[in-house]
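*Asks:* Sequence lines, in order, name chains A and B.
Here our numbering is used: the first residue of the first sequence is 1, the next is one more, and so on.
Here our numbering is used: the first residue of the second sequence is 208, the next is one more, and so on.
Think of the hints as simulated: they come from the structure by calculation, not from any bench.
As the structure is a computational prediction, the values presented were derived from the model and not from experiment.
We treat Cβ as the ideally placed atom computed from N, Cα and C, and that holds for glycine.
Treat each hint with caution, since some may be false.
What the hints assert, rightly or not - Chain B is faced by these chain A residues, among others (derived, beta-carbon under 10 Å):
#1 F58
#2 Y110
#3 G114
#4 P140
#5 L141
#6 P142
#7 N144
#8 I145
#9 A146
#10 G147
#11 P178
#12 Y179
#13 V206
#14 G207
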Amino acid sequence: MAITINGSGTIGGATTLSSNVTLADVTADTLTVDTTTLVVDEANNRVGIGTASPAVTFDVSGYARASSGILFGTDTAAANALDDYEEGTWTPNVYNNGQSSSWTTAVGTYTKIGNICTAHFHVDTGQSGATSGGALVLGPLPFNIAGMASGGRVLGTIYSSSLSNSPEPIFFYGGTSPYAQIWYSALSGQDQARTTGASGFVIYPVG
Amino acid sequence: MAIVKRTEEDKIEIVGQYKCIQVRTATVIEEDGVELTRSFHRHVVSPGDDVSNESAEVQAIAAVVHTPEVIAAYQEMLANQEINP
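Sequences and hints are given; from them, build the entire structure.
*Replies:* And the structure:
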């Protein structure tokens, strides 16, 4: 049995529509579900989620999830999707390779956007190891470093009163390990000085 | 009203040629079972690392993927990375 309502009508009880619903001639009003859960602003061609007044074409008040990522413009390539963003903390270590370090303070933060990670670090009150010996190393970084074939290099800066060239920019060298060796900016070699504290940040591709 | 703070390893990944284990630990604060905040801490377990302080799950994964061959290859790679001036 077909039900047709011409003019205003109200259905007071629970209603199940077992087939498709077609709204004909919806031209003058907004479509509103639960006040703000879903709003279709026909007059301005806008859709709102969590807002009664969408200000742009698609306006979400609250979090939105896109399990495969977000594409921009007219792009359709999956490789260009912004598919990851993450912020967090990590525990940095600056040490002479093969030797034990000791730090009272070791704090780090990271932000990963797509396949690039920027990691900040600070270690203080302690030492990286012996006065001479193994190359100075930073790590383990919060994400594995991409393989060299994928450009897996680590760049950044480090400041430490114990380092020879500090606070000049320092190159970091890294392969597929989550560790990066710390180099003089002049590429004259690895800095093996014992540090008593260091701060800086690195940027590297995640692999 | 019960506020609970708990941690969970919500993402464990095995990545790269040397099977490094990326571990993401989430700190979750809940009120009456409803999640209020979630923050992350990350670390990477490399072949040959001491895993005695890792969770049982990470230890089990390391035992499988960090074979003596993988550890040896990783150590060799590290040694080759030491470029002397």
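*Asks:* Min Cβ distance, V206 (chain A) to chain B: is it shorter than 10 Å?
*Replies:* Holds, about 8 Å.
*Asks:* Does the nearest C-beta of chain B fall within a distance shorter than 10 Å of the C-beta of P142 (chain A)?
*Replies:* 4 Å, holds
*Asks:* Hint F58 (chain A) vs chain B: min CB-CB distance below 10 Å?
*Replies:* Violated. Min distance 25 Å.
*Asks:* Against chain B, with CB atoms and a cut of 10 Å, does the hint on N144 (chain A) hold up?
*Replies:* 5 Å, holds
*Asks:* Is the shortest C-beta separation between G147 (chain A) and chain B less than 10 Å?
*Replies:* 7 Å, holds
*Asks:* Given G114 (chain A) as an interface hint, is its Cβ closer than 10 Å to any Cβ of chain B?
*Replies:* 16 Å, violated
*Asks:* Answer holds if the nearest beta-carbon of chain B is closer than 10 Å to that of L141 (chain A); otherwise answer violated.
*Replies:* Given a least distance of 7 Å, the restraint on L141 (chain A) holds.
*Asks:* Holds or violated: the hint that P140 (chain A) contacts chain B, with Cβ atoms closer than 10 Å.
*Replies:* 4 Å, holds
*Asks:* Y110 (chain A) was flagged as interface toward chain B. Is the shortest Cβ-Cβ separation under 10 Å?
*Replies:* Result: holds, 7 Å to nearest chain B Cβ.
*Asks:* At a threshold of 10 Å, is the proposed contact between P178 (chain A) and chain B supported by beta-carbon distances?
*Replies:* 4 Å, holds
*Asks:* Hint validation: Y179 (chain A) versus chain B, beta carbon distance must be below 10 Å. Holds or violated?
*Replies:* 8 Å, holds
*Asks:* Given A146 (chain A) as an interface hint, is its Cβ closer than 10 Å to any Cβ of chain B?
*Replies:* Hint holds; A146 (chain A) Cβ to chain B Cβ min 8 Å, cut 10 Å.
When each numbered hint is compared with the structure, violations occur for hints 1 and 3.
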